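Protein chains in written order, with the numbering used here: chain A, 1 to 284; chain B, 1 to 104.
Please note that a few of the clues may not be correct.
Stated by the list, open to error - Cut-off 25 Å, straight-line C-alpha distance, at most; resulting in silico cross-link-like pairs (BS3-like, lysine-lysine):
hint : chain 1 : residue 1 : chain 2 : residue 2
1    : A       : K165      : A       : K276
2    : A       : K190      : B       : K80
3    : B       : K76       : A       : K255
4    : A       : K142      : A       : K33
5    : B       : K61       : B       : K28
6    : A       : K123      : A       : K174
7    : A       : K123      : B       : K79
8    : A       : K255      : B       : K60
9    : B       : K60       : A       : K45
10   : A       : K45       : B       : K28
11   : A       : K255      : B       : K86
12   : A       : K276      : A       : K247
13   : A       : K142      : A       : K121
14   : B       : K68       : A       : K247
15   : B       : K5        : A       : K190
16   : B       : K5        : A       : K247
17   : A       : K209      : A       : K174
18   : B       : K67       : A       : K255
19   : A       : K247      : B       : K28
20   : B       : K36       : B       : K5
21   : A       : K255      : A       : K46
22   : A       : K170      : A       : K121
Claimed, not checked - On the chain B side, residues computed to face chain A include the following (Cβ under 8 Å):
hint : residue
23   : A43
24   : Q44
25   : V46
26   : A51
27   : N53
28   : K54
29   : G69
30   : Y71
31   : F82
32   : M94
Calculated directly from the structure, the hints in this document are not laboratory data. Predicted model only: the values in this text are computed from it and were never measured. For glycine and all other residues, C-beta sits at the position ideal for the given N, C-alpha and C.
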Amino acid sequence: MKNKFISVVIIGLVFSMSNSFAGDKHDFNGKVKKDIESFQNFFKKKFPSVELDDYANGVYALDSASREQWQEIEEFPPYELNVDNGEILYNKPFANGKTYADCFANKGISIVQDYPYFDEKSKQVMTIELALNNCRESNGEKALKYKTGAIADISAYMSFTSRGKIIDIKVDTKDAYNAYMSGKKFFYAKRGQLNFSCADCHMRLAGQKLRADIAGPAIGQTTGFPVYRSKWNGLGTLHRRYGGCNKNIRALPFKAQSTEYRELQYFQTAMNNGFKINGPSARK
Amino acid sequence: MKNIKFLLIAVSLVFVGGNVMAGNDKAKLQLKRSLKEAEIQYAQAVKSGFAWNKTAPALKKAKAAIKKGDYGVAKKQLKKVFSDVKGTMAQAKMAEQWQDYIPK
Numbered sequence: 001m002k003n004k005f006i007s008v009v010i011i012g013l014v015f016s017m018s019n020s021f022a023g024d025k026h027d028f029n030g031k032v033k034k035d036i037e038s039f040q041n042f043f044k045k046k047f048p049s050v051e052l053d054d055y056a057n058g059v060y061a062l063d064s065a066s067r068e069q070w071q072e073i074e075e076f077p078p079y080e081l082n083v084d085n086g087e088i089l090y091n092k093p094f095a096n097g098k099t100y101a102d103c104f105a106n107k108g109i110s111i112v113q114d115y116p117y118f119d120e121k122s123k124q125v126m127t128i129e130l131a132l133n134n135c136r137e138s139n140g141e142k143a144l145k146y147k148t149g150a151i152a153d154i155s156a157y158m159s160f161t162s163r164g165k166i167i168d169i170k171v172d173t174k175d176a177y178n179a180y181m182s183g184k185k186f187f188y189a190k191r192g193q194l195n196f197s198c199a200d201c202h203m204r205l206a207g208q209k210l211r212a213d214i215a216g217p218a219i220g221q222t223t224g225f226p227v228y229r230s231k232w233n234g235l236g237t238l239h240r241r242y243g244g245c246n247k248n249i250r251a252l253p254f255k256a257q258s259t260e261y262r263e264l265q266y267f268q269t270a271m272n273n274g275f276k277i278n279g280p281s282a283r284k
Numbered sequence: 001m002k003n004i005k006f007l008l009i010a011v012s013l014v015f016v017g018g019n020v021m022a023g024n025d026k027a028k029l030q031l032k033r034s035l036k037e038a039e040i041q042y043a044q045a046v047k048s049g050f051a052w053n054k055t056a057p058a059l060k061k062a063k064a065a066i067k068k069g070d071y072g073v074a075k076k077q078l079k080k081v082f083s084d085v086k087g088t089m090a091q092a093k094m095a096e097q098w099q100d101y102i103p104k
């Protein structure tokens, strides 16, 4: 009788533990989904006349005058040469005869919507730029600089091949959720001498003028990167922009592809789940 | 008489000069100590991930001013560094409150 009782207790414990593990897994995605809903609802309430998909066009979804200028620019996209150069670089074999295509699923075509993802092996957020450099290094090549130049061109080409694909960032495990939460914390924490958070400019003040420019909405921001910025007179990666943002609020910027920026990108891209990739794009 | 007067002036000048130099040395020593403390605190600010981008230049300016003997400038720059670090650490502490923020 006693043995029977013990075995029932053990079975019960195992059952409840496995349920709680399953519950945990379900919970991470549930929590992220809840965040996405409240994030997107914030903008739906703030700008009721703007279609959700239109946020992929950044500030041009909010300001008609800027939109007209931007549409004219997009008629002859300034990033076209970068995409062409990116394609050449992407297909150029390394010294060992292999190419970037050998490092990626589907030979690297139409895959940007799956980036960034949380790599369970290395326990870190993997962005497309980091994956490109990992590919180079594993093939005996030197890593490229992360903010501009060849890596931005290759990334632009890869984004171009992924246009129209739906972003679906997954946060499946506890470690992935921790990275996501670090990114979320970064997004909402005030920093810099001006005491601004990402959310201050790109949520609370989105659509309002900050000096001469209108602050773009946080939603849809990651879909169009890398971007050709008129201010840069060239193409740059998302982390280059993050660094610029941090400098604007007088905060010491992190290095491109630092853990902090990758986790921020992970959070921000997760908020854009359901959006289509439209990179590369042109911005002011 | 003239010689005695001259001697007295010379002695007092040496005395005052010595005092000024001693004072300067003391100020330099104090500023160097402050600089060291500022460097330690700035390193902590960087570690927190909330460092400001004008703090490092202020620290650099303070260092150069001490070297140059421009103690007024050094003092001003060090004051800025300490104030920046204070703000930085306050932000790092506040950041925890935003962990579970959901926009309304």
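Outcome of the hint check:
1. Note on K165(A) and K276(A): the hinted pairing holds, with a Cα-Cα distance of about 5 Å set against a maximum of 25 Å.
2. Between K190(A) and K80(B), the direct Cα distance comes to roughly 20 Å. Compliance with the 25 Å bound is thereby established for this hinted pair.
3. Taking the CA atoms of K76(B) and K255(A), the gap is near 30 Å; set against the 25 Å cutoff, the hint is violated.
4. A C-alpha spacing of about 39 Å is found between K142(A) and K33(A), which places the hinted pair above 25 Å, so the restraint is violated.
5. A threshold of 25 Å between alpha carbons decides the hint, and for K61(B) with K28(B) the separation of about 15 Å falls inside it, so the pair holds.
6. For the suggested pair K123(A) and K174(A), the alpha carbons sit about 11 Å apart, so the restraint of at most 25 Å is met.
7. A distance of roughly 41 Å separates the Cα atoms of K123(A) and K79(B); the hinted pair therefore is violated under the 25 Å criterion.
8. Under the criterion of a C-alpha separation no larger than 25 Å, the hint pairing K255(A) with K60(B) is consistent with the structure, at around 21 Å.
9. Under the criterion of a C-alpha separation no larger than 25 Å, the hint pairing K60(B) with K45(A) is inconsistent with the structure, at around 47 Å.
10. At most 25 Å may separate the alpha-carbon atoms for a hinted pair to count; K45(A) and K28(B) exceed this at roughly 59 Å.
11. The suggested pairing of K255(A) with K86(B) holds, with an alpha-carbon distance near 23 Å, which does not exceed 25 Å.
12. This hinted pair does not check out: K276(A) and K247(A) have alpha carbons roughly 29 Å apart, beyond 25 Å.
13. Among the hinted pairs, K142(A) with K121(A) is consistent with the structure: their alpha-carbon atoms are about 23 Å apart, no more than 25 Å.
14. At most 25 Å may separate the alpha-carbon atoms for a hinted pair to count; K68(B) and K247(A) exceed this at roughly 30 Å.
15. Taking the CA atoms of K5(B) and K190(A), the gap is about 68 Å. The hint is violated against a cut of 25 Å.
16. Restraint check for K5(B) and K247(A): the C-alpha separation of about 64 Å exceeds 25 Å, so the hint is violated.
17. Proposed proximity of K209(A) and K174(A) is contradicted: the alpha carbons are some 39 Å apart, above 25 Å.
18. Among the hinted pairs, K67(B) with K255(A) is inconsistent with the structure: their alpha-carbon atoms are about 31 Å apart, more than 25 Å.
19. For the proposed pair K247(A) and K28(B), the alpha carbon gap of about 33 Å is over 25 Å, so the pair is violated.
20. A C-alpha spacing of about 46 Å is found between K36(B) and K5(B), which places the hinted pair above 25 Å, so the restraint is violated.
21. Using a Cα cut-off of 25 Å, the hinted pair K255(A) and K46(A) is violated, with the two alpha carbons roughly 33 Å apart.
22. The suggested pairing of K170(A) with K121(A) holds, with an alpha-carbon distance near 16 Å, which does not exceed 25 Å.
23. The beta carbon of A43(B) is not positioned within 8 Å of any beta carbon in chain A (closest approach about 12 Å), and the interface hint is therefore violated.
24. Restraint check, Q44(B) versus chain A: the minimum CB separation of about 13 Å is more than 8 Å; hint violated.
25. Interface restraint check for V46(B): the shortest CB-CB distance to chain A comes to about 7 Å, inside 8 Å, so the restraint holds.
26. The interface hint given for A51(B) is met, as the beta carbon of that residue sits about 4 Å from the closest beta carbon of chain A, less than 8 Å.
27. Taken as an interface hint, N53(B) checks out: its beta carbon lies about 5 Å from the nearest beta carbon of chain A, inside 8 Å.
28. Hint status for K54(B) relative to chain A: holds, with the closest Cβ pair at about 6 Å, below 8 Å.
29. For G69(B), the interface hint is violated, since its Cβ never comes within 8 Å of a Cβ in chain A; the closest pair sits about 29 Å apart.
30. Against a cut-off of 8 Å between C-beta atoms, the interface hint on Y71(B) is violated, since the closest Cβ of chain A lies about 25 Å away.
31. With a least beta-carbon distance of about 14 Å to chain A, the hint placing F82(B) at the interface is violated under the 8 Å criterion.
32. Hint on M94(B) holds. Least Cβ distance to chain A is approximately 7 Å, under the 8 Å limit.
Violated hints, in rising order: 3, 4, 7, 9, 10, 12, 14, 15, 16, 17, 18, 19, 20, 21, 23, 24, 29, 30, 31; the structure is consistent with all others.
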